[in-house]
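Going down the list, the sequences are from chains B and Z. The numbering used here puts the first residue of the first sequence at 11, with every later residue one more than the last. The numbering used here puts the first residue of the second sequence at 78, with every later residue one more than the last.
Honestly, the hints are just simulated from the structure, not real lab data. Note that CB positions come from ideal geometry on N, CA and C, so glycine has one too. Heads up, some of the hints might be wrong.
[Claimed, not checked] Taking CB as the label site, the calculated pair distances span:
{"#": "1", "chain 1": "B", "residue 1": "Glu-121", "chain 2": "Z", "residue 2": "Thr-295", "range": "57 to 63 Å"}
{"#": "2", "chain 1": "B", "residue 1": "Gly-210", "chain 2": "Z", "residue 2": "Ala-134", "range": "54 to 60 Å"}
{"#": "3", "chain 1": "B", "residue 1": "Ala-64", "chain 2": "Z", "residue 2": "Gln-89", "range": "31 to 37 Å"}
{"#": "4", "chain 1": "B", "residue 1": "Leu-221", "chain 2": "Z", "residue 2": "Thr-100", "range": "39 to 45 Å"}
{"#": "5", "chain 1": "B", "residue 1": "Ser-218", "chain 2": "Z", "residue 2": "Ser-248", "range": "51 to 57 Å"}
{"#": "6", "chain 1": "Z", "residue 1": "Arg-255", "chain 2": "B", "residue 2": "Glu-121", "range": "29 to 35 Å"}
{"#": "7", "chain 1": "B", "residue 1": "Glu-121", "chain 2": "Z", "residue 2": "Asp-348", "range": "42 to 48 Å"}
{"#": "8", "chain 1": "B", "residue 1": "Gly-210", "chain 2": "Z", "residue 2": "Ser-248", "range": "30 to 36 Å"}
{"#": "9", "chain 1": "Z", "residue 1": "Val-93", "chain 2": "B", "residue 2": "Ala-64", "range": "43 to 49 Å"}
{"#": "10", "chain 1": "Z", "residue 1": "Gly-116", "chain 2": "B", "residue 2": "Ser-278", "range": "55 to 61 Å"}
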Amino acid sequence: MSADSAESGGGHPTNVEAGVDTKTESGRWTVIEQTAVLARHEFRLSVRNAWAFALTGLFALFAVLLSLFSGARVGPSGFDAIVVSLASLATYLLPLAGLVFGYDTIVGADEDGHLDSLFALPVARSTVVFGKYVGRAFTLGAATVIGFGAAGVVLLLYVGLLDWPIFTGFVVMSVGLALTFLAVGVLISTLAEEKTHALGLVLLVWVSYVLVYDLIALGMIATFDLPPAVLSLLVLANPADVFRVFVLSGVDTTGGGFAAVYAGTGLSVPLLVVTLVLWNVVPVLLAARAVRRRSV
Amino acid sequence: MAIVRAEGVTKQYGDVTALDELTLSVEEGDTFGLLGTNGAGKTTLFKLLVGHIRPDAGRLEVDGMDVSTAGVRIRESVGYLPERGGFPGSLTGREVVRFHARMRGIRKTDRRDRIDDVLETVGLADASDRRVAGYSNGMNRRLGLATALLARPRILLLDEPTAGLDPRGVSSFHRIVRTLNEETDLTLVLSSHVLAEVEKLCDSVAIVHDGRLRATGTLSELNQRYGGGLLVTVRLDRPEETDAAVATAGEHGGRVDSATRGVVTVACRFDEAFTVLAALREEVDLVGFEVQEPGLERVFEEVIDDATATEGPA
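Okay, chain B solo, but in the shape it has when bound (with noise of 0.2 Å):
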């Protein structure tokens, strides 16, 4: 029998003795409460260990840059194509920091023995992996939209132009894009046994979905006659694409090529957004659900 059946348990039941407080006898609130508590623990070790300030950094120069440089080429009228520009930006550089901040979450804690002092505690495993996943998104999403924030003001000041609506569009659609890759990341990082296949794992999958993915998905509309459903599945089925397909719904400009192809496919908004969403959701479940069967 796996540890997962072991960690699973019964009822929790009302024990205030000695000062343990569990809440309820259900214990979901304790859950809840050890998620949040661990989410705090590993927001601030990400800041202590600089991840939250070089990460924000990081977005910020590119954007910044992006923006300024973009801004003075197409003037005022130009807002869709900065957009478009920044989109492509977050498409290949939110993925790759998702998963380089996600890739260490359990493996990393395993390899330096904290895996074993959270698991020494009254809590689920699974409570672990959420809670992990919660600090670290926090960090990311703030990173995030700290720094594609920054290229936002830089817009409004210098440029003299901001549609509101779309660019927080984009902005909580880079969130979601980046928290995709963190839920990708920790789900690697819960299934590999040493942190050097997680990081050789993740490395993959960035270079598979952000650069090789759309080749062979060019490749095959151009070898095929593919009836449009196919074309929405294989947006759907990569996060990247579900945000640059959202990214360029707002805008009236495609940036030509492959993205142009992508943007015709006619997917509704909320079927993008549920998408990331459970882009978001499904790896960390199954993490979740993984790392019940870890060798601690």
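Fit chain Z to the given chain B structure using the hints.
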């Protein structure tokens, strides 16, 4: 009253049987040592005791809870110091303990006092505001012990607690364990393959080999059962009488453990010790003698040899 009770506990990993119908009990308030070679099944037993894994067969109860159904509740009343436990180096010792206190749901009103208490107990009060990255291995282990003591557990499980520590770290850790043993009614279960450590700290011992319990009891009981009772060492006035001393001891039930020129050590049962000593005094001139229990090392060797002789090498 037994606070840990295992009955026919079996655990397999694929084709490998980590624990094979293990039956043992640990009495409340005891300091219990779990001895075994690497791969004997000690860590598997600890994982079972804290609910990380479930037995494939048999029944295991900890503090009245069945580990198969209790889940994470087990770790509310059990303090566990895992062998490889570590903490983020960027946090201070106090921050680590505070995080563990929050995770355990210790109320805010009690938290500060509790944290101060455990840091004081493990001797880290003065170093509590230093970053863990600057802690020695021994301090790290003591920090782990502090987190394990937070919930004021009834049982404390220490998995190879002094592995990798320098002599000072070992001695400091032993001192804390002895204090806990003397000043609280905590039940301590300690796994180790350092015989001297178990001998020094534990009241009762279980020897596990190849997943099976080979011997259990107090140190005295094990000495009597496996250590050959007592070791009687005599120092002869005339070294040339060594052979005569060996022959005399043998005639009166003693088994010669070692005999160098002028010093003979004989293993014998408790009731034979006086007879052997008296006979030696009659036959040879003694300048001194010493009677001692043979110690855990001898017991351990005997038990493992027995197991290997019965079943062949693992």
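Satisfaction of the hinted span 55 to 61 Å by the C-beta atoms belonging to Z/Gly-116 and B/Ser-278 = At roughly 59 Å between Cβ atoms, B/Ser-278 and Z/Gly-116 fall inside 55 to 61 Å, so the hint holds.
C-beta pair Z/Arg-255, B/Glu-121: status relative to the range 29 to 35 Å that was hinted | holds, 33 Å
For the range 57 to 63 Å, tell me whether the beta carbons of B/Glu-121 and Z/Thr-295 fit it or not.
-> With a Cβ separation near 40 Å, B/Glu-121 and Z/Thr-295 fall outside 57 to 63 Å, so the hint is violated.
Does the hinted range 43 to 49 Å hold for Z/Val-93 and B/Ala-64 at CB?
-> Once the Cβ atoms are compared, 44 Å apart, the range 43 to 49 Å for B/Ala-64 and Z/Val-93 holds.
Range hint 30 to 36 Å (beta carbons of B/Gly-210 and Z/Ser-248) holds or violated = violated, 44 Å
Range hint 39 to 45 Å (beta carbons of B/Leu-221 and Z/Thr-100) holds or violated | violated, 59 Å
Kindly confirm whether 54 to 60 Å is satisfied by the beta carbon distance between B/Gly-210 and Z/Ala-134.
-> violated, 40 Å
So the hint says 42 to 48 Å: do the beta-carbon atoms of B/Glu-121 and Z/Asp-348 match that?
-> violated, 56 Å
B/Ser-218 and Z/Ser-248, beta-carbon distance inside 51 to 57 Å?
-> holds, 54 Å
Do the beta carbons of B/Ala-64 and Z/Gln-89 sit within 31 to 37 Å of each other?
-> violated, 46 Å
Of the hints listed earlier, those the structure fails to meet are numbers 1, 2, 3, 4, 7, 8, in rising order.
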